[in-house]
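*Asks:* For reference, the chains in residue letters:
Protein chains: 2
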Amino acid sequence: MEAYNVFKDLAIIVAVAKLFGIVARKCKAPQVVGEILAGLLIGPSILGWVNQTDFLVQMAEIGVILLMFSAGLETDIKELLRTGPIALVIACAGVFVPLVGGALLYMGFYGMSPWGSEEFYKAVFIGTIMTATSVSITVQSLREMGKLKGKVGTTILSAAIIDDVIGIIVLTFVIGFKNPDSDPGRVIMNTILFFVLAVGAGFIFYFIFRKLDNRYPHTRRIPIIGLAFCFALAYIAEEFFGIADITGAYVAGIILCSIQDSEYIAEKMDINSYMLFGPVFFASIGLKTNIESLDAGILIFSVAFVLVALLTKIIGCGLIARVCKFKGRDAVKIGVGMMTRGEVALIVSQKGLAVGLMTPVYFTAVIMLIIVSSIATPIILKILYAKDPAEPALEEKTA
Amino acid sequence: MEAYNVFKDLAIIVAVAKLFGIVARKCKAPQVVGEILAGLLIGPSILGWVNQTDFLVQMAEIGVILLMFSAGLETDIKELLRTGPIALVIACAGVFVPLVGGALLYMGFYGMSPWGSEEFYKAVFIGTIMTATSVSITVQSLREMGKLKGKVGTTILSAAIIDDVIGIIVLTFVIGFKNPDSDPGRVIMNTILFFVLAVGAGFIFYFIFRKLDNRYPHTRRIPIIGLAFCFALAYIAEEFFGIADITGAYVAGIILCSIQDSEYIAEKMDINSYMLFGPVFFASIGLKTNIESLDAGILIFSVAFVLVALLTKIIGCGLIARVCKFKGRDAVKIGVGMMTRGEVALIVSQKGLAVGLMTPVYFTAVIMLIIVSSIATPIILKILYAKDPAEPALEEKTA
Chain Z
1 MEAYNVFKDL AIIVAVAKLF GIVARKCKAP QVVGEILAGL LIGPSILGWV NQTDFLVQMA
61 EIGVILLMFS AGLETDIKEL LRTGPIALVI ACAGVFVPLV GGALLYMGFY GMSPWGSEEF
121 YKAVFIGTIM TATSVSITVQ SLREMGKLKG KVGTTILSAA IIDDVIGIIV LTFVIGFKNP
181 DSDPGRVIMN TILFFVLAVG AGFIFYFIFR KLDNRYPHTR RIPIIGLAFC FALAYIAEEF
241 FGIADITGAY VAGIILCSIQ DSEYIAEKMD INSYMLFGPV FFASIGLKTN IESLDAGILI
301 FSVAFVLVAL LTKIIGCGLI ARVCKFKGRD AVKIGVGMMT RGEVALIVSQ KGLAVGLMTP
361 VYFTAVIMLI IVSSIATPII LKILYAKDPA EPALEEKTA
Chain A
1 MEAYNVFKDL AIIVAVAKLF GIVARKCKAP QVVGEILAGL LIGPSILGWV NQTDFLVQMA
61 EIGVILLMFS AGLETDIKEL LRTGPIALVI ACAGVFVPLV GGALLYMGFY GMSPWGSEEF
121 YKAVFIGTIM TATSVSITVQ SLREMGKLKG KVGTTILSAA IIDDVIGIIV LTFVIGFKNP
181 DSDPGRVIMN TILFFVLAVG AGFIFYFIFR KLDNRYPHTR RIPIIGLAFC FALAYIAEEF
241 FGIADITGAY VAGIILCSIQ DSEYIAEKMD INSYMLFGPV FFASIGLKTN IESLDAGILI
301 FSVAFVLVAL LTKIIGCGLI ARVCKFKGRD AVKIGVGMMT RGEVALIVSQ KGLAVGLMTP
361 VYFTAVIMLI IVSSIATPII LKILYAKDPA EPALEEKTA
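For the record, the sequence lines run as chains Z and A. Position one of the first sequence corresponds to residue 1 (my numbering), numbered consecutively onward. Position one of the second sequence corresponds to residue 1 (my numbering), numbered consecutively onward.
Hints listed in this document are in silico derivations from the structure and should not be mistaken for laboratory results. You may find that some hints are simply not true.
Same chains, same names: a pair is fine if it fits in one copy or spans any two.
Unchecked claim - Calculated cross-link-like contacts (lysine-lysine; reagent style DSSO-like; alpha-carbon spacing at most 30 Å): (1) K211 x K8; (2) K211 x K28; (3) K26 x K211; (4) K387 x K26.
Using the sequences and the hints, build the whole thing.
*Replies:* Here you go:
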């Protein structure tokens, strides 16, 4: 393929995503919903103007990395430490309830199976797919509403990061029973090691950046070196610790969130993000989908799968949040904010396929879950926040 | 390859390119020189940390497109129309003199050959490789010095655009003699058609954008739709008219350069460019190179090739500029500004290889030309401008 061919895809994605974003905004829905629908429209399901390519997958990956880095940069570190313990409890509930719910759903459709049998692990695997929250859509929705830094926003973000990690540990356990190569103990060790090293290296890099920033405030080198740091941590997390790259990028953002120019860096990242990488990432969710491949049997299972996946997160996380003394509506916000699924669910499915715990037909259900949750979450969140008593409006002019 | 692997390459490129850019700046050389050398250092020639991948090639292509779009946006359209005729004459000289010089060089090394013989066309082909100026390095150097909008800057830019077009016509003619499929007449028609349509469509889009811009000034949609427009024109130019994508992007910039928010768009493009795409583009020039493959015979030819290529541009363009009443030093600036070669020279070489007019050994010479001209041009330009009588300094703080 000639290099210039990517320009056709990019021109279509950027223009249609922006157009749909504006329309979504006019309909009082968040722009991301418009961008995902734009991807669905121009993708193979409907118009077929743009097909998923390796290049678009990698651009989308940069998009989600930039999003998580910005979210990290905008973190209020004191709020994070304060919400951390609660977030951990919420995350555990957000993994456990969907895991059990998904397994029961599978058994409900295909019959109960004895503990430890092949079918039993297949059922558990369906639950495993449901565990990992994909926080990027929620982050973008909260940011559009100016609610990312609040207590609810920070709790959702921390809980989502933690449940990614727990989700990956669960996956490794489940696969461990099928595959003798995988060592669940080592996965747990790697994860602990990553966070220990991140805290240690984090302090060092924080001081290096603070010094650099004090010496050259508001120069280009600050966001540029920050970006390189974010890429490096995303890579190191995946390559050496088996932790999702988005977690690495988020940690990079948290490390830099207390330097003086953190907002300056976030602003530059935002421009890169909303101009090109963001639209490509959100549209690519729609692009991945091929709704032609549906049939009635799969459709019914998929609908049930989506409902169980959404409700178990809302109930699991929401109840625990309520127990942790969040107000009723804030608890629901947390439950809803945690219900989005994304690329991690797809990655988990692919892993399951590879080790024979899943057949390709379930991909439809997973993709439907990603699309429905990605579209429903921002809309419901917006409605929930709109009912709050009036506060000083922080909503950005982003249209 | 897993998507996250690109983060390693990007982290290294962004960090090392910025570091070298800062060092170059400290040595009073333009930052681009540092970025190219960074690419050479981390590439397969020396450290081997980063290898050229399809993804990096495409990122670099976006980089050069953004650069040309910004250059178009920053164009003073009145200045362009005023310098147009002179630029046309300079471009013709800048094609003709290197074409003859390159052919004579080949004959000097490998013996004279009769008009119309196979060897004769091989000689002419070596000249053809030398014809197309790659303006991106010059654009970036002039911009760093705040000299892009001046008479000299505009003349260089227009002449370089025109000589790309002439260069491609010459290539088509030369190949036309070997390959009956290629029709030089149609190429000329396509080129004329593109520019006629660009002017026509340009007016329409200019009015659409002006209306949009007056209604929603300084909103995100203006630069985003502008970017989509740039991508679209880059793609259309290559795909339907066989014109270089960078020419399409430049034309898109010129169409939008007179709307009120043109600077606002250029500013957003610049941020995208200097954060990620720019460093990737400049470093990729260094990455392409493998200096290990050199031997003495090729080295001698290559050195002669580089010298002839540089001097014929300086002499051809410089003399004509002097004839067109540019001051002596300004004429030299134009000659030097026109001497950079880039991706077009590589594309021409690849075409020649495909039709049997060239063997792969000459690639070394072409790559050496690209590197030497890319490094020498900014340095010489900076020296030439430094000798000018003091003017209000417009130099940007870009380090």
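*Asks:* If a hint holds in the structure, say so; if it doesn't, say that too.
*Replies:* We went through each hint and held it up to the structure:
Taking the shortest alpha-carbon separations for K211 and K8, only the inter-copy value of 25 Å comes in at or below 30 Å, while the best intra-copy value is 43 Å. When the C-alpha separation of K211 and K28 is checked against a cutoff of 30 Å, the pair qualifies only between copies, where the shortest distance is 25 Å, while the shortest distance within a copy is 43 Å. Taking identical chains as interchangeable, the C-alpha atoms of K26 and K211 lie at most 30 Å apart only when they sit on different chains, with a minimum of 20 Å there against 44 Å within one chain. Taking the shortest Cα distances, K387 and K26 sit within 30 Å of each other inside one copy (19 Å), while across copies they are farther apart (56 Å).
Taken one by one, the earlier hints all hold for this structure without exception.
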